[in-house]
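Chains as they are written, first to last, in my numbering: chain H, 1 to 451; chain P, 1 to 451.
Any copy, or any two copies together, can satisfy a pair, since identical chains are not distinguished.
Calculated pairs, DSS-like style, for lysine-lysine (alpha carbon to alpha carbon, straight line, at most 27 angstroms): (1) 5 <-> 247; (2) 90 <-> 124; (3) 124 <-> 5; (4) 167 <-> 430; (5) 130 <-> 90.
Don't read these hints as lab results, they were simulated from the structure.
Number of protein chains: 2
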Amino acid sequence: MNTLKYLLSDDALPTHWYNLQADLPEAMPEVLHPGTKKPITPADLAPLFAEELIKQEVSTERWIEIPDAVRQILLQWRCTPLYRARRLEKALDTPAKIYYKWEGVSPSGSHKPNTAVPQAYYNKLEGIRKIATETGAGQWGSSMGMACSMFDLECLVYMVKVSYNQKPYRRALMEAYGATCIASPSDTTESGRKILQDDPDCTGSLGIAISEAVEVAAQNEDTRYCLGSVLNHVLLHQTVIGIEAQKQLEMAGDYPDVIVGCTGGGSNYGGICFPFLGEKLRGGRDVRLLAVEPSACPTLTKGHLAYDYGDVAKLTPLVMMHTLGSGFVPAGFHSGGLRYHGMAPMVSHVLKLGLSDARAINQLECFASGIQFAKAEGIIPAPEATHAVAGAIQEALRCKEEGKSETILFNLCGHGHFDMQAYIDYHEGKLRDYEYPEEAIAMALSGLPSV
Amino acid sequence: MNTLKYLLSDDALPTHWYNLQADLPEAMPEVLHPGTKKPITPADLAPLFAEELIKQEVSTERWIEIPDAVRQILLQWRCTPLYRARRLEKALDTPAKIYYKWEGVSPSGSHKPNTAVPQAYYNKLEGIRKIATETGAGQWGSSMGMACSMFDLECLVYMVKVSYNQKPYRRALMEAYGATCIASPSDTTESGRKILQDDPDCTGSLGIAISEAVEVAAQNEDTRYCLGSVLNHVLLHQTVIGIEAQKQLEMAGDYPDVIVGCTGGGSNYGGICFPFLGEKLRGGRDVRLLAVEPSACPTLTKGHLAYDYGDVAKLTPLVMMHTLGSGFVPAGFHSGGLRYHGMAPMVSHVLKLGLSDARAINQLECFASGIQFAKAEGIIPAPEATHAVAGAIQEALRCKEEGKSETILFNLCGHGHFDMQAYIDYHEGKLRDYEYPEEAIAMALSGLPSV
Numbered sequence: 001m002n003t004l005k006y007l008l009s010d011d012a013l014p015t016h017w018y019n020l021q022a023d024l025p026e027a028m029p030e031v032l033h034p035g036t037k038k039p040i041t042p043a044d045l046a047p048l049f050a051e052e053l054i055k056q057e058v059s060t061e062r063w064i065e066i067p068d069a070v071r072q073i074l075l076q077w078r079c080t081p082l083y084r085a086r087r088l089e090k091a092l093d094t095p096a097k098i099y100y101k102w103e104g105v106s107p108s109g110s111h112k113p114n115t116a117v118p119q120a121y122y123n124k125l126e127g128i129r130k131i132a133t134e135t136g137a138g139q140w141g142s143s144m145g146m147a148c149s150m151f152d153l154e155c156l157v158y159m160v161k162v163s164y165n166q167k168p169y170r171r172a173l174m175e176a177y178g179a180t181c182i183a184s185p186s187d188t189t190e191s192g193r194k195i196l197q198d199d200p201d202c203t204g205s206l207g208i209a210i211s212e213a214v215e216v217a218a219q220n221e222d223t224r225y226c227l228g229s230v231l232n233h234v235l236l237h238q239t240v241i242g243i244e245a246q247k248q249l250e251m252a253g254d255y256p257d258v259i260v261g262c263t264g265g266g267s268n269y270g271g272i273c274f275p276f277l278g279e280k281l282r283g284g285r286d287v288r289l290l291a292v293e294p295s296a297c298p299t300l301t302k303g304h305l306a307y308d309y310g311d312v313a314k315l316t317p318l319v320m321m322h323t324l325g326s327g328f329v330p331a332g333f334h335s336g337g338l339r340y341h342g343m344a345p346m347v348s349h350v351l352k353l354g355l356s357d358a359r360a361i362n363q364l365e366c367f368a369s370g371i372q373f374a375k376a377e378g379i380i381p382a383p384e385a386t387h388a389v390a391g392a393i394q395e396a397l398r399c400k401e402e403g404k405s406e407t408i409l410f411n412l413c414g415h416g417h418f419d420m421q422a423y424i425d426y427h428e429g430k431l432r433d434y435e436y437p438e439e440a441i442a443m444a445l446s447g448l449p450s451v
Numbered sequence: 001m002n003t004l005k006y007l008l009s010d011d012a013l014p015t016h017w018y019n020l021q022a023d024l025p026e027a028m029p030e031v032l033h034p035g036t037k038k039p040i041t042p043a044d045l046a047p048l049f050a051e052e053l054i055k056q057e058v059s060t061e062r063w064i065e066i067p068d069a070v071r072q073i074l075l076q077w078r079c080t081p082l083y084r085a086r087r088l089e090k091a092l093d094t095p096a097k098i099y100y101k102w103e104g105v106s107p108s109g110s111h112k113p114n115t116a117v118p119q120a121y122y123n124k125l126e127g128i129r130k131i132a133t134e135t136g137a138g139q140w141g142s143s144m145g146m147a148c149s150m151f152d153l154e155c156l157v158y159m160v161k162v163s164y165n166q167k168p169y170r171r172a173l174m175e176a177y178g179a180t181c182i183a184s185p186s187d188t189t190e191s192g193r194k195i196l197q198d199d200p201d202c203t204g205s206l207g208i209a210i211s212e213a214v215e216v217a218a219q220n221e222d223t224r225y226c227l228g229s230v231l232n233h234v235l236l237h238q239t240v241i242g243i244e245a246q247k248q249l250e251m252a253g254d255y256p257d258v259i260v261g262c263t264g265g266g267s268n269y270g271g272i273c274f275p276f277l278g279e280k281l282r283g284g285r286d287v288r289l290l291a292v293e294p295s296a297c298p299t300l301t302k303g304h305l306a307y308d309y310g311d312v313a314k315l316t317p318l319v320m321m322h323t324l325g326s327g328f329v330p331a332g333f334h335s336g337g338l339r340y341h342g343m344a345p346m347v348s349h350v351l352k353l354g355l356s357d358a359r360a361i362n363q364l365e366c367f368a369s370g371i372q373f374a375k376a377e378g379i380i381p382a383p384e385a386t387h388a389v390a391g392a393i394q395e396a397l398r399c400k401e402e403g404k405s406e407t408i409l410f411n412l413c414g415h416g417h418f419d420m421q422a423y424i425d426y427h428e429g430k431l432r433d434y435e436y437p438e439e440a441i442a443m444a445l446s447g448l449p450s451v
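Please take these sequences and the hints and turn them into a complete structure.
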């Protein structure tokens, strides 16, 4: 039989996360205090984050140990399978070899628990009682809710109001885990009340929901804030994906020529790519990285690399990142997890250093690719993940055109079982493509803070 | 670390299905022709089913080889993990050991593809072009749709109208796989038109949808019918679950004292139980089997063991099974997959021989158990699967009361990501328990055919 799947035993679960900061040819820009605009100190961040997470955020140690209690939980669904997409290759009639790492086997159906579990663990260890966080479509909120229930932490999730109302099912999952879910903007925070005063009908944004969660954490001693993407420590936790994929491709006797991931905040992309990039930076094999983002929120391909806030109320530290401006509100396309104005500073830095490519793909092509994938491979991807699928298919068709048998690896970061409304809308012809107008982006960028 | 998970390598994927008919102390009753009421012949069934499936239906061979092409696809998500539910054990403070087999990792999120794939395979092999089938909540229809897309077969699914309208997401999944989904009763069949004539607002039932699909298959030479449960060959295909679980428990150094499964048509229950039961019947270790069904559709605990039709229009053969009468329409409880008037003849036979216990549990307890499970183990079960969870928890609490450290194995046959509306209704207090009134059952049973 032709091998379809590469499985690892529990022994192969990584014992350490890989920290790209150890191998970067140029150090990451400093993070600035939102008030003083001077470099931030760990003490400044202490009211928001668990101490260990702050350490990880700035660490340049190459390998950071994964605590046993965290590994014990990750082992429930890890190591995740690596698949050779033989049926898709055949459907595309491509000489390329396509592999995908399947993160949808986690209990919440995406890669998010990889970081939710350690974040809950460190907070519990440091005596924290409650976590405040935000969520867009709900993948992160439900994963954090699950992790909190496992460590007996309270969990408060600010969910972007439009999703709260339109997508009750992810919310129901959070509530099943015992989390409290509040539609954002809400009247429970100063940031929320201010927004509602100006616009009572505001349907919210990730940037607003972050402001609310950060505010709650800052004002309550027993509460800390958790974020599901963007930050260095989040990308660090996701590197289990890439480390496993390295071992699995070794089993397959292959090495990727190109690695494709979708980018919203950048965590699943960093998770699969950085261990390979680290190898390359330490003198190992070359590999091309390809970040695929939605045309409707083109952070990497049309945003600026600049210091910006992570939220609307400007409560977060200033980070150097690709951004469309913290006030940017993307059009209503169907990948809630990719609707963020900024991008992980590490992914932005890697792009700046010329170590990654980026490409924007419109949603009609992404859904068509998602359906082609489902028909061949059986798995229906989350709308976010269809961007990676579309990128991988583009690469496979390029290989066909060029007559090259390259090896393509992509991260299939979650299943679409919660997102079938998007597929219905696609089938009924209700979705349209959306190129964000240059003027709108220019306007959003004109509001970037001066530092 | 305490082991949580027992994984098998690809080599351990069963090469043969286990056929309980080889070891039954008393042969299964014959199947009767719906017209003549005489024992049915393979030729009678040929217009409906692929030949190989008819052979498997009546085979008494103990081990039936799984074709390589089928194993190649099953390997995508099999062998599925077996988990020790240590966190649930702790939450229950029970001396019992609880293991669960996790079937929700398949692309459609349940155990159904285990039989959808071989059914599609054999039909393709025999030159069939199109499959007609029915589905209740949609787990089966989406699994059959997936299998058909993999073997390039057309797929026509009659979906119970109330689910078609209320649960568009499973339907969208079928359509993503390229299947055609029709609300049943429909005007595309004689059976459907007759029902609609009598009751234009009829919201359908599984028994009606079966009539429509069977009719289409019977009338088109290039079309065959497929069923997702009840039949012997379906239960046969599901035995991969139990065969794997045997190997995994051996790894764990344990053997079940009791095995719990939920029963609608009986396939996931038979799948996990029969390989163990076979061992016992061949002189191996004793094991108690416990079938858990919904109180609102109490086929095993309140139905009769009698010859009955599988459908409303009385087109199917007559089989000896536990039944509430083919005209029985269960109350609108939230486990679409368990709303069937009949029960697998093999499960019925096993019950009659005293080889299995059966218990009905009401839905409020099932949902409470599902949520307790999700909080401890992270996985939110499908409403159907919560019946197995509730049964396992009852057994674990019994062990606690009796101070016994029994080993409990249950089948967690699917995830609840498509079923969050049921959890919302539960949280909002909209669900109620439902004991089907004895008179209603008596009336339904009074219509049983005389043979």
